[in-house]
Amino acid sequence: MRGHGRVIEYALSTLARRKFKNFSVAAVFSFLIAVLSSILFLTHAYKTETLKLLEDSPEIILQNMSGGRHELIPVEYITTLSGIAGVGKASPRYWGYYYDSLTSANYTLMAYDENMQDIKLLQGRMPASEGECAVGKGVADIRQVGMKDDIFLTLGTEQNVTLKIVGLFSANSAILTNDLIILTKDSLIKFFNMPADMATDITIEVNNPSEVSTVARKIRRTFPNSRPILKNELIRTYDNIFNWRGGIVLTMFFGAIAAFMIFVWDKATGINAEERQEIGILKAIGWETADVLYLKFWEGAAVSLSSFFTGLILAYVHVFYFNAQFLAPVLKGWSVLFPKFEPMPYIDIYQIFVLFFLTVLPYVAASVVPSWKAAISDPDSVMR
Amino acid sequence: MIFHPGVLGLVTGSLIVLVMAFFSVVLGIRIIIGWDITKSTAGQLSLERQTYLVSTVMNYVMGFQILSLFLFVYTADDIHQLFVGAMCTTGSLNANPIGWTVLFAKIIIFFLCGIWLVINKLDEMAEDYPLVRFKYKYLTALAPLMALEAYWQLSYFLGLKANVITSCCSSLFSDEGVTVASSLAALPVDVMMYIFYAAAALETAMLALLIRKSAWRILRYISGVGALVFFLIALASIISFVSIYYYETPVHHCPFDILQGQYMFVGYPLYGSLFGGVLFAAGAAVAEPFRKINSLKTAVDQMQRKWTKLAVLLIIIFIIISTWPLVFSTFKAYGQN
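From first to last, the protein sequence lines stand for chains A and B. The first sequence begins at 18 in the working numbering and counts up one residue at a time. The second sequence begins at 9 in the working numbering and counts up one residue at a time.
Everything labelled a hint here was simulated from the structure, so no lab data went into it. One or more hints might be untrue.
As the list claims (entries may be wrong) - Selected chain B positions facing chain A (in silico; Cβ < 8 Å): (1) F11; (2) H12; (3) R57; (4) Y60; (5) T64; (6) F72; (7) Y82; (8) G167; (9) G232; (10) D265.
To be verified - Label-pair restraints from in silico Cβ distances: (11) K47(B) to S30(A): 37 to 43 Å; (12) G167(B) to R238(A): 55 to 61 Å; (13) E72(A) to V197(B): 31 to 37 Å.
No experiment lies behind these values; they were computed from the predicted model shown. Heads up, the beta-carbon is just placed ideally off N, CA and C, and yes, glycines get one too.
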């Protein structure tokens, strides 16, 4: 019985002797793994970041519906809502979108309320009186303004507003605040010309998390025109969207996996006379077909494992050091004012598992028949 | 639900494994028809060579079958939050009950593949390949089952509908929203403990006896059947009491969560030792009837001893891992301390 170590050693030395051929397979394999794992890493990073943001969002957001469309909601609903058992605090939110033709970007305008305290400010303070505002990093950059500068927004001759920037959000909060302009409630209502007793939506806190769906059902019954959006539903939807996007991009690379399988098959089939002779000699000195297959197994394992880890490292560098420059546009969506996003380095065993199934399994399947063909060659016929 | 990376991995993996298995079946049928060890024709030589290919392919198939069992459980866990009320893998499997069928099919196929490898190993140890026809008939019967499992797996994932906000305009909070059951019914803790330790002691004792006296035929068969019974009892025990001791929660009976990182992945050695131990015990019993074949006598003797030792070792490891929290955890399932 030959020792396993000897066979591995021999397998490695055979690989080293045919550097170029094996290197080409390993390079293509590593690249494929790098692409696929970049997709998985990035999707996972987006998913965790989004879910982390949603943790802090209110349990229920209540919207008013009219004709199947989102409508402004009467503030007086709050009195009724507070009467529903289980409802903690209900507060109106005022916000809207503003298209800025100067920079062709969309901003989110939001009225200041005291719940916003925990958003980290880089400098300055929240708007306190009419004519003041706090802006996100993206808005400040695209408008080329800084602290104490004025920012002018217009929706026509009647609805103009000039705001003095008293606060600038830090880049750390970019995913939340990048396209955000915060102004006082009165300026926002005036700017958007909203009726005085209406709000954009109502956030509702629920004291006991397990009662959320019951509370939502009660709200639906009380206000049949309303639409309660649960935090869990948002989380579920985002989770599904990112899974789906990742899956779609992976599917696009199935062609590449198939091409890779053909490549491996081809490389492994085309063994030259020298290799054939080598196997012949091994057999002549007493190796059996099973031993040669075992040798081939170790060769394959060495190639696939080293490519697997090279690919993983490449993907890690691409996603977490270069912010996935090549993939990000596909996976995160598109906008003029998109937050600069640095994914948190994190690798899940599950992702490695999935990658293994998507890459190593095809490799094994494609190389098993060729390596058997090599292993059964006759010593006398090849050495003649 | 098909466009989830894990699901894609599983479905592609099953497809490739299936192609490999059916490829082996085609070769196997050729071998069944043409095999004649007494001839020394070129045809017979090529058939003999093809047996190498089939065993290599089947080794890989077996390996991936084991991994796919874990990946399936892992994926079901990953998607649990897409369903209202699902808290872990159990919830995801309840969301489309064919999931349980897939899980059981995967476990059964794991054992059937393992038994095939046992027969293959014995066959290769004899000069005249006495089991060659039998093992390829077995393989021909096994492959359709694998196809069925792959089909069930696909229909499980295709049948899953995530409870998500589907359209920005529709009313998304549904009053009729179905909540999936998130827990399993478990057998009472104290009764299950007695049964588990009795079964474990009995099975280990039988196997230990068989290491010495490998010729006790009846005992060998009893230990083989006993291993399967022990497997079922062990699974029921994991659900009934091992899980709650690891989770330190009297109501959480999920057999899958112990595979997660927050429980130090203890589920992998736990299930690994159980599956391995039962497979070796059953494999040793399956080898028993082949003792009648002259050329296999020594091989059966040698391998049975080896497998029985491994089975005892693995089952003891399994018992230690399942007993560990009962002894060292501060959690008590009942009674005051």
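> Per the CB criterion, is Y82(B) less than 8 Å away from chain A?
Replying inline: Holds, because the Cβ-Cβ distance from Y82(B) to chain A comes to roughly 5 Å (cut-off 8 Å).
> For the hint on R57(B), does the least C-beta distance to chain A fall short of 8 Å?
Replying inline: The hint holds - R57(B) has a Cβ within 8 Å of chain A, the shortest such distance being about 4 Å.
>> Checking hints one by one. Is H12(B) an interface residue toward chain A, by the C-beta closer than 8 Å rule?
In response: Hint on H12(B): holds, closest Cβ of chain A at ~4 Å, below 8 Å.
> Any CB of chain A closer than 8 Å to the CB of G232(B)?
Replying inline: violated, 28 Å
>> T64(B) was flagged as interface toward chain A. Is the shortest Cβ-Cβ separation under 8 Å?
In response: holds, 5 Å
> Given G167(B) was flagged as interface, is its beta-carbon under 8 Å from a beta-carbon of chain A?
Replying inline: Given a least distance of 16 Å, the restraint on G167(B) is violated.
> Holds or violated: is the Cβ of F72(B) closer than 8 Å to a Cβ in chain A?
Replying inline: Since the shortest Cβ distance to chain A is 6 Å, the answer is holds.
>> Quick check on F11(B) please, does its C-beta sit within 8 Å of some C-beta on chain A?
In response: Constraint on F11(B) satisfied, holds at 3 Å.
> Could one say that the CB atoms of E72(A) and V197(B) fall in the range 31 to 37 Å?
Replying inline: Given about 35 Å between the Cβ atoms, the range holds.
> At the C-beta level, are K47(B) and S30(A) separated by a distance inside 37 to 43 Å?
Replying inline: Between K47(B) and S30(A), where Cβ atoms are some 39 Å apart, the hint holds.
>> Quick check: does the Cβ-Cβ distance between G167(B) and R238(A) fall within 55 to 61 Å?
In response: violated, 32 Å
> Would the hint on Y60(B) stand, with a C-beta cut-off of 8 Å toward chain A?
Replying inline: Hint holds; Y60(B) Cβ to chain A Cβ min 5 Å, cut 8 Å.
Of the numbered hints listed earlier, those contradicted by the structure are 8, 9, 10, 12.
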